[in-house]
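Asker: Residue strings, one per chain:
Protein chains: 2
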Amino acid sequence: MKRQFYIGADIGGTHMRTALVDQRGSIIEYQKALTDISRGAEQASRRLTEQCHRLMAKSEELSGTVRSIGLGVAGKIDPLQGRVIFSPNLPEMRNYPIAIELQEQTQVPVFMENDANAFGLGELWLGAGREIGNWIGVTLGTGVGGCLVLGGKLWNGDHLGFSGEIGHMIIDSKGPVCACGMNGCLEAHASGSALVKGASENLAASLLENSRFPQPSHTDNLEPEDVYQEALRGNPATIKLFERMGWALGLAIGNLFTFLGIRCAIIGGGVSESWDLFIEPLRRSLVDHCCMLEESSMIVKKSQLGDKAALFGAAWLARNEMIQR
Amino acid sequence: MKRQFYIGADIGGTHMRTALVDQRGSIIEYQKALTDISRGAEQASRRLTEQCHRLMAKSEELSGTVRSIGLGVAGKIDPLQGRVIFSPNLPEMRNYPIAIELQEQTQVPVFMENDANAFGLGELWLGAGREIGNWIGVTLGTGVGGCLVLGGKLWNGDHLGFSGEIGHMIIDSKGPVCACGMNGCLEAHASGSALVKGASENLAASLLENSRFPQPSHTDNLEPEDVYQEALRGNPATIKLFERMGWALGLAIGNLFTFLGIRCAIIGGGVSESWDLFIEPLRRSLVDHCCMLEESSMIVKKSQLGDKAALFGAAWLARNEMIQR
Chain A
2 MKRQFYIGAD
12 IGGTHMRTAL
22 VDQRGSIIEY
32 QKALTDISRG
42 AEQASRRLTE
52 QCHRLMAKSE
62 ELSGTVRSIG
72 LGVAGKIDPL
82 QGRVIFSPNL
92 PEMRNYPIAI
102 ELQEQTQVPV
112 FMENDANAFG
122 LGELWLGAGR
132 EIGNWIGVTL
142 GTGVGGCLVL
152 GGKLWNGDHL
162 GFSGEIGHMI
172 IDSKGPVCAC
182 GMNGCLEAHA
192 SGSALVKGAS
202 ENLAASLLEN
212 SRFPQPSHTD
222 NLEPEDVYQE
232 ALRGNPATIK
242 LFERMGWALG
252 LAIGNLFTFL
262 GIRCAIIGGG
272 VSESWDLFIE
282 PLRRSLVDHC
292 CMLEESSMIV
302 KKSQLGDKAA
312 LFGAAWLARN
322 EMIQR
Chain B
2 MKRQFYIGAD
12 IGGTHMRTAL
22 VDQRGSIIEY
32 QKALTDISRG
42 AEQASRRLTE
52 QCHRLMAKSE
62 ELSGTVRSIG
72 LGVAGKIDPL
82 QGRVIFSPNL
92 PEMRNYPIAI
102 ELQEQTQVPV
112 FMENDANAFG
122 LGELWLGAGR
132 EIGNWIGVTL
142 GTGVGGCLVL
152 GGKLWNGDHL
162 GFSGEIGHMI
172 IDSKGPVCAC
182 GMNGCLEAHA
192 SGSALVKGAS
202 ENLAASLLEN
212 SRFPQPSHTD
222 NLEPEDVYQE
232 ALRGNPATIK
242 LFERMGWALG
252 LAIGNLFTFL
262 GIRCAIIGGG
272 VSESWDLFIE
282 PLRRSLVDHC
292 CMLEESSMIV
302 KKSQLGDKAA
312 LFGAAWLARN
322 EMIQR
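Residue numbers (our numbering), protein chains in the order written: chain A, 2 to 326; chain B, 2 to 326.
Looking at chain A on its own, in the form it has when it is part of the complex (with noise of 0.2 Å):
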């Protein structure tokens, strides 16, 4: 019997990931790749399929085969039409049947999960949430995602398309606007695109006027990275923005234990690299808004897979997905 192997993607609002993966979980092959959305749905499908020929090339030359691919997609899906519905953070793919037409291309199986669950199923699988029956999954990039483990299990509610959308809830209904169109939501106050937001009107504002940013005309290329510099070279505006993240990340994640029971949260995602940062102000923003738990019983753990955990999740549901038939 041929080698089984899986591929699992994860496609972000910036990168697009991709890794053929064994049974157990261990990486073969990895590769990266800007999403590059902008240049339209089609073009980023396309790409895809190339990253998927390559990995299928691949695991011939290692006498193995790819029994099916995981894709992890930003925005709420519909995992049977194998498309997504709208994604504030990848517009042009606003139902585009991405998952169809890579089936179609690779004549292999294709299972689709949104990028913040399959997060969720690979540190279930292998990080952070291997031991824990109940938490929170945040996802920290371009937007902020999420998902909910409950009994050892990803949970997908009533199965409308999404679950765990912890960015789209309203932490300040009076805050700044979402790429959703609301007011308020955690991922206007805690995503990699706020923290640019954020520093591009600090600029206008000339708070920053010592920062090594570049000038104003030139704010479009910022990137959360660059923030996070500023920040750690001691630039008070900016550090108030990552600040804000923490204060708002503790009300989001507070609430929800308020309401659960359950008091363990694991972030990850691109932008929790900056965890020195937005920690401390996320731990005091817990204890302030969540009154049925002490500090001490409050968990709040960093991804164990960093950036490919939404690729090894994405793997694992190829592989279920197989196991189940």
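The set of hints was computed from the structure by calculation and includes no laboratory data. Among the hints, a few may not be true.
What the hints assert, rightly or not - Partner residues are not named here, just some residues of chain B that face chain A (Cβ under 7 Å, in silico): (1) L161; (2) S164; (3) C181; (4) T259.
Unchecked claim - Lysine to any residue pairs mimicking SDA-like chemistry, simulated, CA-CA at most 20 Å apart: (5) B:K175 / A:R284; (6) A:K175 / B:P282; (7) A:K154 / B:H160; (8) A:K59 / A:V109; (9) A:K3 / A:H54; (10) B:K175 / A:S174; (11) A:K302 / B:D159; (12) B:K3 / B:E30; (13) B:K154 / A:K175; (14) A:K175 / B:G176; (15) B:K154 / A:D159; (16) A:K198 / A:N157; (17) B:K154 / A:N135; (18) A:K175 / B:V178; (19) B:K3 / B:R68; (20) A:K3 / A:E61; (21) B:K175 / A:G176; (22) B:K59 / B:P110; (23) A:K302 / A:D277; (24) A:K175 / B:R284; (25) B:K175 / A:V288; (26) A:K241 / A:A205; (27) B:K175 / A:P177; (28) A:K154 / B:G153; (29) A:K241 / A:P177; (30) B:K302 / B:D289.
No residue lacks a Cβ here, since even glycine has one placed at the ideal position from N, Cα and C.
Using the hints provided, position chain B relative to the given structure of chain A.
Answerer: Leaving out everything else, chain B in the frame of chain A:
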């Protein structure tokens, strides 16, 4: 064999309700009294014991026996120790071993739940939640309680002594102070206490000059019902209190729909009798604050068991615990 009965008891911030209930959920005898917690936990506990003895006597008249007692109590509770850990609306009950006390006095097994969870068990057994898999329960009384039903079962989280505490989710961190000590909880916007406090403040600010409310010096005795009647008479400042209540409920429920990926809520408790004044603002707020669902797919229903829901739920708990043994 003797007829099998159960006692359900609901100890709220204002009223104490007890009933003798048969296997199928019919009420044989019902009693209602003031909780009057300001006279102390011991006094309240003594009255509860008296009420239970009266119901036990009734069951004997009917040649039956009371197999067990279920207790729904407002606050964070420790079901194993049979005590209230703390309760913003029954502060005197803190650490009082009310279930142990009752069990000793009656020599009947006593089981305990938070009152809003008991509400959920009642609506799940005989009310509006019977045929819905996943829903959020909200009880509007002196405070705001809540519960979560997942897969047709009451969700108990990590068994920390609380779950479904929607009343202490923070809606507006700069909002009014709550009985729990935090600012801007749902309870501080949408409870009977919040209505009374709001109306008293309006009185003090002379916004209710033509109202039939008592004079400012007598507002200690204001009841939510008075505030409701005043709003029905068309007083704009009072109508605004119910609009704020609907707004806050819609925001909290919308946030939970977004995170849980579910779409149904059931609202009960004494103050839900003001339904006609808050339901439209609530629905508008839901639409404004939940970007994941269409208006038509969100369901908000009124409790079917009215002020007896928690009583039925407590009786169900008593019955179920005996069946489990």
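Asker: Would you mind marking each hint as holding or not holding in the structure?
Answerer: Outcome of the hint check:
no.: 1; hint: L161; verdict: holds (6 Å)
no.: 2; hint: S164; verdict: holds (3 Å)
no.: 3; hint: C181; verdict: holds (5 Å)
no.: 4; hint: T259; verdict: holds (5 Å)
no.: 5; hint: B:K175 / A:R284; verdict: holds (19 Å)
no.: 6; hint: A:K175 / B:P282; verdict: holds (17 Å)
no.: 7; hint: A:K154 / B:H160; verdict: holds (18 Å)
no.: 8; hint: A:K59 / A:V109; verdict: holds (15 Å)
no.: 9; hint: A:K3 / A:H54; verdict: holds (18 Å)
no.: 10; hint: B:K175 / A:S174; verdict: holds (11 Å)
no.: 11; hint: A:K302 / B:D159; verdict: holds (17 Å)
no.: 12; hint: B:K3 / B:E30; verdict: holds (18 Å)
no.: 13; hint: B:K154 / A:K175; verdict: violated (36 Å)
no.: 14; hint: A:K175 / B:G176; verdict: holds (12 Å)
no.: 15; hint: B:K154 / A:D159; verdict: holds (14 Å)
no.: 16; hint: A:K198 / A:N157; verdict: violated (32 Å)
no.: 17; hint: B:K154 / A:N135; verdict: holds (16 Å)
no.: 18; hint: A:K175 / B:V178; verdict: holds (18 Å)
no.: 19; hint: B:K3 / B:R68; verdict: holds (10 Å)
no.: 20; hint: A:K3 / A:E61; verdict: holds (9 Å)
no.: 21; hint: B:K175 / A:G176; verdict: holds (12 Å)
no.: 22; hint: B:K59 / B:P110; verdict: holds (18 Å)
no.: 23; hint: A:K302 / A:D277; verdict: holds (12 Å)
no.: 24; hint: A:K175 / B:R284; verdict: holds (19 Å)
no.: 25; hint: B:K175 / A:V288; verdict: holds (16 Å)
no.: 26; hint: A:K241 / A:A205; verdict: holds (16 Å)
no.: 27; hint: B:K175 / A:P177; verdict: holds (16 Å)
no.: 28; hint: A:K154 / B:G153; verdict: holds (17 Å)
no.: 29; hint: A:K241 / A:P177; verdict: holds (15 Å)
no.: 30; hint: B:K302 / B:D289; verdict: holds (19 Å)
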